[in-house]
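2 protein chains.
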Amino acid sequence: MTRSTFPSQPAEPEAEAGSAPRRGRPRDAGRDRALLDATLAVLAESGYGGLTTAAVAARAGVSTATLYRRWASKEELVIAAAALHGEGSYEQPDTGSLEGDLRVVLHDKAASMTGEGGRLIRALIGEAAHNSTLAGALVTAFLQPLYGRVAEVVRRAVERGEIPPLEDVDLLGEVVAGPVMTHFLLTPQLPEDVDETTARETADRLLPFALRAVGGRPA
Amino acid sequence: MTRSTFPSQPAEPEAEAGSAPRRGRPRDAGRDRALLDATLAVLAESGYGGLTTAAVAARAGVSTATLYRRWASKEELVIAAAALHGEGSYEQPDTGSLEGDLRVVLHDKAASMTGEGGRLIRALIGEAAHNSTLAGALVTAFLQPLYGRVAEVVRRAVERGEIPPLEDVDLLGEVVAGPVMTHFLLTPQLPEDVDETTARETADRLLPFALRAVGGRPA
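These protein sequence lines are chains R and A, in that order. Residue numbers 1 to 219, in my numbering, belong to the letters of the first sequence in order. Residue numbers 1 to 219, in my numbering, belong to the letters of the second sequence in order.
There may be inaccurate statements among the hints.
Each pair may be met inside one copy or between any two copies, as identical chains are not told apart.
Simulated pairs of lysine to any residue, SDA-like, Cα-Cα distance not exceeding 25 Å [to be verified]:
| id | residue 1 | residue 2 |
| --- | --- | --- |
| 1 | K74 | L84 |
| 2 | K74 | P164 |
| 3 | K74 | A58 |
| 4 | K74 | T95 |
| 5 | K74 | V194 |
| 6 | K74 | H130 |
| 7 | K74 | A41 |
| 8 | K74 | P188 |
| 9 | K74 | T187 |
If you're looking for bench data, these hints aren't it; they were derived computationally from the structure.
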């Protein structure tokens, strides 16, 4: 995906809610997206340690000066990629049963642990061991949206009388999604070598365990 | 821990089971250990991407030539550190109950996810996304010994008639240990900032969920 370095017209001027006003031209949202996609591609090849802003800029077909006008460091760039490709984009429907709701959570989580999202979360975990800023980004991008969904699913099941109220509700995210995440994190396969069908089947096989863990009964 | 570069006598000549015979002096096990400890220390500061064999050799007080006589690359060095600091060193006692046995598993796992072992597993996960050799080392060092313990604990509980036989026994490792691993992997805290008491308390709070997941009843 090569983009011209200086398009004569910005394609989609982006509102900059919550950030300080900038001088000069409005930001190009299409180019931002191309840079974040390029970030994932370079991460996939080289990992966080091997990623350079020069490689990302080259892959997106822009100058490093253009990249630096938007993100001041490779850390900021990776955090922005995490915000875009994290868990926040999933919707949690109300299927009417705990089993149905948990199935959606586990399918989404299995999908997000494979392919590019899977690579991103691995890269962040690797750096989070010695970088508090990236550790915080990992929590914001992947953990909080997921754990919020799980808490809501369990709250609905308790309200319906399907399960008794649970101790330690702050651990429900790990309890429900931890097994599927661990399954894909600790595997000899590279993220791109796990196909979507296998990922969904694994989620289905983990579903009865998740259901029992929170006090439900598998059908 | 500074060691002299060329001790006049090797301290503990090490048997080289399973590897090709080498010429020259027997290997110094104490120096090997110092190099693997230095590997963990450098990983903690710099991550896998920032780790160099020169930094590890300097930290251990040996020449890089000495390091390279033992491990040919930084990848081999990190894999050896994983073998030493992985899960293989834990013993699983028979406490006589599923709850007691699972408590031991979760306490050990919580301990191994914090401190130096926690940093190592994070570094390996980060690189396993794009390096099949490290992905394989992660499985050998951390996953197989742990999953073997869990399978044994559950097998004993089924034999005692404490729980019914389970579907999908190959997923029991993730089911039991996945929540505690995820809890420590996805956290804004650095591994060294989690104290041992908190780690054990978290394991205790996850125990009733693990017990229910495999069909047991919390006391």
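Quick rundown of the hints versus the structure:
1. In the homo-oligomer, the alpha carbons of K74 and L84 lie at most 25 Å apart inside one protomer (15 Å), although the nearest pairing across protomers, at 33 Å, exceeds that limit.
2. Within a single copy, K74 and P164 get their C-alpha atoms no closer than 47 Å, and across copies no closer than 51 Å, so neither meets the 25 Å cut-off.
3. Taking the shortest Cα distances, K74 and A58 sit within 25 Å of each other inside one copy (14 Å), while across copies they are farther apart (28 Å).
4. In the homo-oligomer, the alpha carbons of K74 and T95 never lie at most 25 Å apart, since the shortest distance is 41 Å inside one protomer and 50 Å across protomers.
5. Taking the shortest Cα distances, K74 and V194 never come within 25 Å of each other, neither inside one copy (28 Å) nor across copies (27 Å).
6. In this assembly of identical chains, K74 and H130 lie within 25 Å of each other by CA distance both inside one copy and across copies; the values are 16 Å within and 19 Å between.
7. In this assembly of identical chains, K74 and A41 lie within 25 Å of each other by CA distance both inside one copy and across copies; the values are 14 Å within and 24 Å between.
8. Taking the closest pair of Cα atoms, K74 and P188 come within 25 Å of each other only across two copies (19 Å); inside a single copy the shortest separation is 28 Å, beyond that limit.
9. In this assembly of identical chains, K74 and T187 lie within 25 Å of each other by CA distance solely across copies; the values are 21 Å between and 27 Å within a copy.
Of the hints listed earlier, those the structure fails to meet are numbers 2, 4, 5, in rising order.
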